[in-house]
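Participant: I would like the entire structure built from these sequences, with the hints used as guidance.
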Amino acid sequence: MGAIEILQDLLADPDFKAGIALDHLIEGCPARYAEMPEGVPAKLREALGHRGIERLYSHQAEVYERAAAGRDVVVVTPTASGKTLCYNLPVLSRIVERPDARALYLFPTKALAQDQLAELHELSGHVGAGIRTFTYDGDTPQSARIAIREAGHIVITNPDMLHAAILPHHTKWLKLFQDLEYVVIDELHAYRGVFGSHLANVVRRLRRICEFYGSNPTFIMASATIANPGELAGRILEREVAVVDQSGAPAAPKRLVFYNPPVVNAELGIRRSAVLETQRLAKRFLSGGAQTIVFGRSRLQVEILLSYLKEGLADRLGRHGDVRGYRGGYLPTQRREIERGLRSGAVRGVVATNALELGIDVGQMEAAILCGYPGSIASTWQQLGRAGRREEPSVGILVCSSSPLDQFLARHPEYFLSRTPEHGLVDPDNLLVLLGHLQASLFEVPFNDGEGFGDKRIEELLELLGEEGQAHHSAGRWFWSSEAFPASEVSLRTVMAENVVIIDTSNAPGATGGPGARVIGEMDQFAAQTLLHDQAIYIHEGQQYHVDHLDWAEKKAYVRPVNVDYYTDADRGASVEILDAFDSAEGALVKAHGEVQVTSLATIFKKIRFHTHEAIGAGPIDLPQVDLHTTAYWIRLDDALAATYTRLQLQAGLRGLAHGLRHSASVFLMCDPRDLGVAVQVRSPKTGGATVFVYDAFPGGIGLSPRLFDLHAEVMAAVDELIAGCTCTRGCPSCVGVQMDRDVDAKAMAVRLARALPGEVAEPLAAAREA
Amino acid sequence: MLLRERLESLGRPTPVRRHRPDADLEGLASSLGGEVRENACGPYVVVEAVHAMPPTVGYNAASALFAGVAGEEPLRESGLCFFDTETTGLSGGVGTQVFLMATAWRVPNGLVVRQYLLADPVLEDGFLEAVEADLASSCALVSYNGRSFDSPVLEGRLVLSRRSPDCLRRPHLDLLHPARRVFRWRLGQCNLQSVEAMVLGQDRGEDIPGYLIPELYFAYLRSRDPELLRAVVAHNRQDVVSLSLLLDHLVEVIAGRGLAHPLDRMGVGRLLESAALMADAARVYQALWDEPSSAWDGEVWPGSWTPVELRYVVGLRLATLRRRAQRPDLAQAVLEQLWQRHQRPWEAGIMLAKDLEHRRKDGAAALEVASAARLALDDQPGRTPQEERWLADLVRRTERLRRRTGEAA
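Residue numbers (this note's numbering), protein chains in the order written: chain A, 1 to 771; chain B, 772 to 1180.
Simulated from the structure, these hints should not be mistaken for lab results. Ideal placement from N, C-alpha and C gives every residue a C-beta, glycine not left out. Among the clues, some could well be false.
[To be verified] Computed footprint of chain A on chain B, listed as stretches where at least three residues anywhere in the stretch have a Cβ under 8 Å from a Cβ of chain A:
(1) 848-862
(2) 885-894
(3) 1125-1137
Facilitator: Below, the structure written as structure tokens:
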């Protein structure tokens, strides 16, 4: 039975049909081809012929033409549209033509780099021109490194390795940098927020080194569908990048269904478990013979879904080996085996985390089932894109969970269909990020007077480093002048300043760990106060950890894995002081963004049970106050509007609004809600009125709040939908957050505020423009 | 807001402000007993001195040292360049500068030591030009850990100054590796200072620890006080002098001349083995084996080493080499002795049992040895992981031998 027939069967069931929030047919389209470009050498043409590729999809040819002409280009096309050939074609063509030419490939993870290596080996093996491709990462043995530096035509690595191991030792990579003609950055959408801000600076360093060796590589970037690929690529590269976003790959028609499980507790807005519903649906597709991929949101969920499915299918299929799990933490060999099984069809079903969302080739499934909204529109399309066979229509199902965002989408599926995906935002000029990389770059190549760092002027920063003795100015040049190795001070995944290290002590005796203790991550101080305090439940890659002790003086959090049915939520008493407003718009309200100083003190935490969101315990947090200098977006309410509330109502309304704002803003900004902080002031000393602040929860900011300022009206509309549309009666923890005073109808207050806000600023602005 | 204040408010700690006066080359050179010279690329400071040395020993006998290093040409003693650098950082990387470089050249009864000093980072061009010319006149380089550290750091600076690194591309004998092979049994850690003190009997007197050197140089740049560098220059000079003495010493002990601790002589055997000079290695072991323990009276034995332990280890190596050299009879004689005389002869027992079983086809005798070893080892409390592996081997071996001899019977 095909996937569509199975879906029809399901729809015959009135209970299932009642939960359908969206049933949408995405029309298929035929392939658009282009002839193999003239410039592709015969050897490569033959090698492609062996793999059945005689001509190209139109977008592949477009990218080739631009890249071959030395133009930077970013290609944005759906999953499985032949994206890797877009860059492999110009790169391999060039190497066949000029064997001295070199290329550098960057992937955000090691696993993706390994994938690409396998693909390139196969292709270049057929070309037979002695093209050597290597991965270079932390696992590369010392003995192999010299050969890679000297002889690798294509070096595949990740940004962290480039930053800490290659650039600071660039003289060992003379051959690579002298003849570097192409730099490929795949999965561009992964580089947003802090990581992207760092990457932009790593690229600045890379380009300075290329300039030193007299090379000027062309950049080819590839991204999943995001709203602003050209902008993001341009921001990272600091020059204009051509965008190729019309896919020539054929698309089979696809039925897209949003399924909302039935309500089981109306008052609290609780629905039947998305996990159980997903499992039920997946079983139908699998036992009907359709190859199916199921996406869970965490490792834990994946393992649960997998064991349910194996159990449920064991008797029907006789063997359950053909349903597999796939997530971070599996061994590479295991993953390869699963990928091969999926491509060949031997593996009939797979349950995966978003580890399979990135460009790993597993062929195309007949059905994709998403257990809960993946958190961003871009991810949703990526995951749905795993289904889609040429020959027959495929099925994509989103099973909505009880979470506010899922319920918002279930009520407004048109929002999902009509919206472009999220923006990828970076701020390469975040002062701390910038300064860290400037030091590393100075270590790598001296700066001439007047030289910029990318398009950033840096005289003042160099002067500062000079005063501190880390740089030395002489004869018109700046030299590195310290015994430090600056790249080791910068981690690409966080903003500088001292982070709290998270240590898993489960394999080590004693509370503070001995041998066997394992560092599982780090977190900036500000976030650590509410996420890593004593007794917090910290969730890392889907695993819950209990924080046994946070040693604030040493900046170490000692944790151990646990399995509990609650999470913790800490209250932060935050006071925000506006330092500098960059831009503001005034109407009946004032919206603005600028620099702020957030002084925060973690006060208490609550233990909240999953699903029911009831508070089952609480405790004090004893930590010193921390200051965060960052950027924020804020709204000051019109006094007349504020005057219509009592103080308690205003407080509840503002808090509810802030909670909703944080969650809906995270959707628009493609970030985790924890990347944003919120604060409310019933009467702000600086603005003089009731004010809601949303700030970047990273020192210096990473570009989120200026974008919120631009998106104000849309975000407010979404907040309104989020809160008003929640099925609860008077506000629940998922729509307005945990409220102190149960007597106030926080939901009504917050909705009233959200509705009052967007319209009133839009008009004066529009009027001002006309005038 | 001022940049500094902004950074402070973002949580970045502010380093102390530092001022740096201009370099005084003449002052620096004269306080350290050197002179200012100039080449096409600029001025540099050099301190040159001849250090008195014992007569040269001739390096022809040192083939094991140069295995895999030298080319076809025999090495000229006068063409060897001993070198050592002091740098502005200990982590390497392109931004780490060499600020002091010593080269040393053998002459009869002496060593000519030239130390190039970078008076200021901006004067690097003249400095590198001089260093490059000096290195280029050598036929081979000798260093201590130079392959992993000094040479790559210097190469990075040469490339960054758009110079060719060819002056470093010549045979390079890094004495760290042979020294480690020879002396680790006695010294454990083999840094140049411990080899110097324990092997060459040199006393450095007041010496500065290496990790302080970068900071001293930066302190000099801030204060321009040449006294800060005096100890660094002395340290650097002593390093190349020791290098030269160490090479001589290694050549002598490899040739079997001069006095050496029996553990070092065993180390020479290991070095020869690693250079695939098996016959030479066997000769070294045989000489130790044949010596009466009384010959070693008065030696200091570090850690758990004793004359008995040394004899056992030497015996095992000797037996192994004899067997490989198709002299199983000689190997057997050694093993029998080890098996009978040593207190924990497990490894010897295994080798002996193998020999009895496979070569002499005497399963019963093999079983006797193996089960005796197994029983004794089984009784021994607190076995090391290695002893656990031996025990596992012995268990398998006795089981198999028992089956086989049972079948035969």
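Participant: Taking the hints in turn, state whether each one holds.
Facilitator: Against the structure, the hints come out as follows:
| no. | hint | result |
| --- | --- | --- |
| 1 | 848-862 | holds (count 4) |
| 2 | 885-894 | holds (count 3) |
| 3 | 1125-1137 | violated (count 0) |
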